[in-house]
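Okay, here's what each chain looks like letter by letter:
Protein chains: 2
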Amino acid sequence: MRLKKRRVAAHPFPCNPGYAEPMPPATFRCVSPFTGQPIAREHRIAPPDEVDSVCLAAAEAFEWLWAQPRGRRVALLRGIADSIAALGESLLTIASEETGLSVPRLAGERDRTIFTLRMFADAVADGSCFRPAFDAANPGRAALPKPDLRRVLVPLGPVAVFGASNFPLAYSTAGGDTASALAAGCPVVVKGHPLHPGTGEMVAAAVGEAVRSAGCHHGVFAYLPCGGGGERELAIGQELVTHPAIAAVGFTGSFKGGMALHKLAGARASPIPVFAEMGSINPVFILPDALAREGAAIAQKLFGSFTNSNGQMCTKPGLVIVQGGPGAEAFAEVLAALVNSAPAQTMLSDRIRSSFLSRLHDVGEVPGVDAVARSRPSPDSGIYQPAILLRTAAATLSRFPTLHDECFGPAMILVVCRDAEEMQRAAANMPGALAAAIFAAESDHAVAQPLTAALVRRVGRLVFNGLTTGVEVSPAMVHGGPYPATNQPHTTAVGIMALERWCRPVCYQNAPEGLLAGELR
Amino acid sequence: MRLKKRRVAAHPFPCNPGYAEPMPPATFRCVSPFTGQPIAREHRIAPPDEVDSVCLAAAEAFEWLWAQPRGRRVALLRGIADSIAALGESLLTIASEETGLSVPRLAGERDRTIFTLRMFADAVADGSCFRPAFDAANPGRAALPKPDLRRVLVPLGPVAVFGASNFPLAYSTAGGDTASALAAGCPVVVKGHPLHPGTGEMVAAAVGEAVRSAGCHHGVFAYLPCGGGGERELAIGQELVTHPAIAAVGFTGSFKGGMALHKLAGARASPIPVFAEMGSINPVFILPDALAREGAAIAQKLFGSFTNSNGQMCTKPGLVIVQGGPGAEAFAEVLAALVNSAPAQTMLSDRIRSSFLSRLHDVGEVPGVDAVARSRPSPDSGIYQPAILLRTAAATLSRFPTLHDECFGPAMILVVCRDAEEMQRAAANMPGALAAAIFAAESDHAVAQPLTAALVRRVGRLVFNGLTTGVEVSPAMVHGGPYPATNQPHTTAVGIMALERWCRPVCYQNAPEGLLAGELR
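Protein sequences appear in the order of chains A and B. Quick note on numbering: the working numbering labels position 276 of the first sequence as 276, and the sequence is numbered without any gaps. Every number in the working numbering is 521 more than the matching position in the second sequence, counting from 1.
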C-alpha cells in the first residue's frame, strides 16, 4: 500500500457535503489479493478536521432526527436498500477486486445487506422494537397515588461504525451496525475500511443519495475514507472514538482491535459503550451415531464451511470434536481428501495472511498437534493461502488452552476424544464463542443432552445438525456471545435486538398528553 | 469504627454454610448516627478464603440453578419476601439504629423491597421477561432453507452485589439488584455494607432461610460481612469483582465507587460488566404559570423531596430552575422559611457528612452562589447536618459546570433565569441524570415542549408536576440514565427490564424438540 500526497480533482463520492477540504488530501491505493499489486484507483485519507466536522454534523443530525416522525427513518432505510440494489454488478466487481472474495459470494452478501436494511425498516414501521410499555395510574391507591408510567427506547446519539475486512458489504459501510443504528435513530459515522476503500466509497455514495432522497439532514450519515497503513490510518479511528459527539461504537473484527477500542472508549472523560464482535473458535461436536450414519456428508459440509471465504469468517468452525473409532477415521479420511484436493484461495490481505501463518505456527508448535491435510499449493502471484487440517487428541486440547484461540483463516483442528466423557469435558472447557454446533442422530440424544447444557452456557447460538457459518438474518437470530467472542455478552449484532445496542430506555411519569412522545400517546 | 481481632462464639447469622472459618475472625463495630458512638454488636470481616469459597459455591449453584425449572426461582423470591416480612419490627429498629433513618421511612423501604421481590417472582412465573422469540423454519425457501430459530434470555452467571448506604433494604442485601439477579437465574454474592452490618446480616439470614426452604443449592446466595474501614474492607470488594467465578456486578453508590469497580472489572483477564447506578443532579424546572398558581405548594413538596432522608437520595433534586420575577421571589421566600424552620437531621455516617461539607465548600466558593437558608443547628452529639438552600443565577450555572455535580446530602441550589431562553439553555447543558422534573400549567406547554425535548435526551425518567424522589416499583419504571448518572445508559435498576442486566440472549437453531430449553418447546 502506498501513501501519496497529491491533489485529486474531486471526491468521486462526495458523501460528506458539510465538509470542504482545506488542503490537498493524502491518498492511498489498496492491493488486489488476486494479483498482490496495488489497484490503480486512488483514495483520500480523511484529515483530522474532517473527523471533527462530520462528528459535529452527526450531533446536529441527531437532534434533527429525534424531532422527525419515525417514517423518515423507514424511508431512509428503504432508500438505502434501493440505492445499493441499483449499484448492480459494478459494486460486486469492485468488491471482489479489493477483497479477493468471489462475485457469487459477494452477491449473496449484497442481498443480505439489502434484506437487513429492509428488515429494520419494517421493524421501525411496526414500532414494537422500541418496547413501549405502559403502567396505568392509580390515583386512589392507599398511602400514595400510583403515577402513570410510560417507557420507550430512545436513541443514544451518533454511532461510530468500524466495519469488517471479511464482509465488505454486510458488516461494513451500510451493514448490520449502520442499519440498526439508523433504525434506532442514531446518525452514523463510518470509518472506511482500508482493505476495501472503493467498495466503501461506492456504498457511502449510495447511502448519501438515499439521505438526500429521504429529505434527511446531511449529518445523518458520514463516511471517513481511511487507509494507507500510516499513522493517520490509526489516528482516524482514535479521533472518532474519542470525539465528544460520539455516543457509542460498533466494531466487527479482531479481538485485538475490538479490545483496543473498548479500552479507548472506556478511558474517555465521558465513557461510551463499544459493541465489539470479535470472532471465536466455534466448536462443532459430532456424536458417534451421526458420524457413523452420515460422516461423509458431514465432512463435505464441514469442508465447505471452514474453507468458505478461505476460512475468513467469524463463525468458521475452528474445532471439530469427534469420538475416536472407525467412524472417526473414515470421517477424517474423507475430510483430508477434500482438503488435499482443494485449490488454494486468496486471503483478504497480506497482513491477514501473515497473522494466520504466525498463529498457525504457534498451533503447530503445540506437541501432539499434527497437520494431516493441506490444499494445493498457492499460485506464484497474488495473496493465496492453502487450507490446512490439523489433528490432535482431546487430552492435548485440555492441556494447551491456546488451541481454543481463534485462527482466522483456512485452518481447522480435528479433536479426537477417547469417550463421551472426554467430549463432555471438552465442551465444559470451551471459552465463550459466537456459535457452536452439535451433529446428533436421535439415538445420540442421551449424550447430546449434557453437551447441549454445557454449550448453551458458552455460546450465543447453538446449531443442531448444521454448521455455524451462514448467520440467518431473522428477528430471533443471535450473533453475539460471552467474552472473548464479544465484549458485551448481553447483545447481538444480527436480528432485531441488534437495534437495542444503540438505545436506552426513558420513562415519562405523569406526562400530559401534549408533552408525550408520539408513540406513547 | 473499631477493628478488633478476637474470637466470637458463632456467627449470629450463619448464611454461608459452605464455609468453615479457619482462624479467629477480625471483627468491627459500626457507629450510630443518633449518638455518634459505636454500637455494641460486633461483626465479622470476611477473610480472603471466604470470598473464594462463596464465589466457588456460587459457580456451582449457577449450574444447579440452570438445570432447575423456573418455579424454583419463583418459590425462592416469594420465600425471601416472606422471610423479610417475618422479621417484623426488629429489622426496622436495627436498620434505624445503624443508618439514622426513621422507622416509618424504613418501613416504607422494607415494604418496597418485599414488593420488588414479589414483582420479580411474578415476572419469572409469567416468563415473558425472558423475551422468548420464534422464527419459523421454511424448508422450501429458494437458494437455502430457512432454519428454525428460537431465542431466549439466559443468565450470565454469579452476580456480585454492592449495596447502597442510603437504602439499607431496597438497594442492599436483598434489594433490587439481588432480586433481579436471582430472578434472572444468577446466584448472588453480596458484599455487606459496612454502615449497616446488623441490618445486612439479619436480611442475609432471612434470605438463607428462604434458600433452604425453597430447597435451593446453598451457593445461590452468600453474604460477605465487611467493614472496619481497614485494608480488608477495600480488599473484599476487589477480591469479589476480580474472582473468576463472578460474571457481573451490581453497584449502587457514589460516582467514585462505581467508576472504580467499572475500571477494575474492565481490567480483568476476562472483563465483566458492572452496572453502576451513581446518582445525579436531577434538575427540577418550574415554569412561570405553574409557579404563579401553586408556587407555595410546589415549594412545600420540593422541601420535602430534597430533605427526605436528609438529602441522601440518588434522586434528590439538586437544582431547581425558575424564571425570575415576583412569583420566583415569593416561591424562594416560602422555600427558605421551610428550610430555616426545619430541624437538622442525621447523616448516614461521619464520612458521608465530611464529603457533603467538602462538596458544599466547593460550591460555596463559586462566585455568585449564596446560601439563602439553613436549618436549625445540629445537636451537640450524633452525626447531624442542617439542610442548606443556595441560590444563583443561570449565567453562573452555565459558567461553572461544577454546579452540575451531585452534592450528596441536604443541599439544593435555586437557579434563577432571566427568561425562557435561558431556562431552555440550562436544560440543554444538563449532564446525564437519573431523573428530571417539569412543573407546568396547561398555559406553560409552549415553553414546556422544547424543555421536554431537551431533558428527555439527558435523563432516564422525566416527571411532570411531581418530584424525582419516590421511584415507583413498577414494570415500566426506568431508574438509570446517561453517564455520569450510570455507566450503562441502556439499563435500568428498577422495573422488570432490570433483570435483563443479568441476562444474555441465546439462539437455538434447528434444535430437536428434546434438546430445547423448556420455555422454547
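Rather than coming from a laboratory, the hints here were simulated on the basis of the structure. None of these values were measured; they are calculated from a predicted model. Warning: the hint list may mix true and false statements.
In silico DSS-like links for lysine-lysine, alpha-carbon gap of 30 Å or less [stated by the list, open to error]:
| # | chain 1 | residue 1 | chain 2 | residue 2 |
| --- | --- | --- | --- | --- |
| 1 | A | LYS263 | B | LYS777 |
| 2 | B | LYS784 | A | LYS301 |
| 3 | A | LYS263 | B | LYS784 |
| 4 | B | LYS784 | A | LYS256 |
| 5 | A | LYS146 | B | LYS822 |
| 6 | A | LYS256 | B | LYS777 |
Against the structure, the hints come out as follows:
Restraint check: the Cα-Cα separation between LYS263/A and LYS777/B comes to about 19 Å, which is no more than 30 Å; the hinted pair holds. A threshold of 30 Å between alpha carbons decides the hint, and for LYS784/B with LYS301/A the separation of about 44 Å lies outside it, so the pair is violated. Our distance criterion of 30 Å between C-alpha atoms is met by LYS263/A and LYS784/B, whose separation comes to about 10 Å. About 19 Å separates the Cα atoms of LYS784/B and LYS256/A, which keeps this hinted pair within 30 Å; it holds.
Under the criterion of a C-alpha separation no larger than 30 Å, the hint pairing LYS146/A with LYS822/B is consistent with the structure, at around 17 Å. Taking the CA atoms of LYS256/A and LYS777/B, the gap is near 29 Å; set against the 30 Å cutoff, the hint holds.
The earlier numbered hint that this structure contradicts is number 2, and it is the only one.
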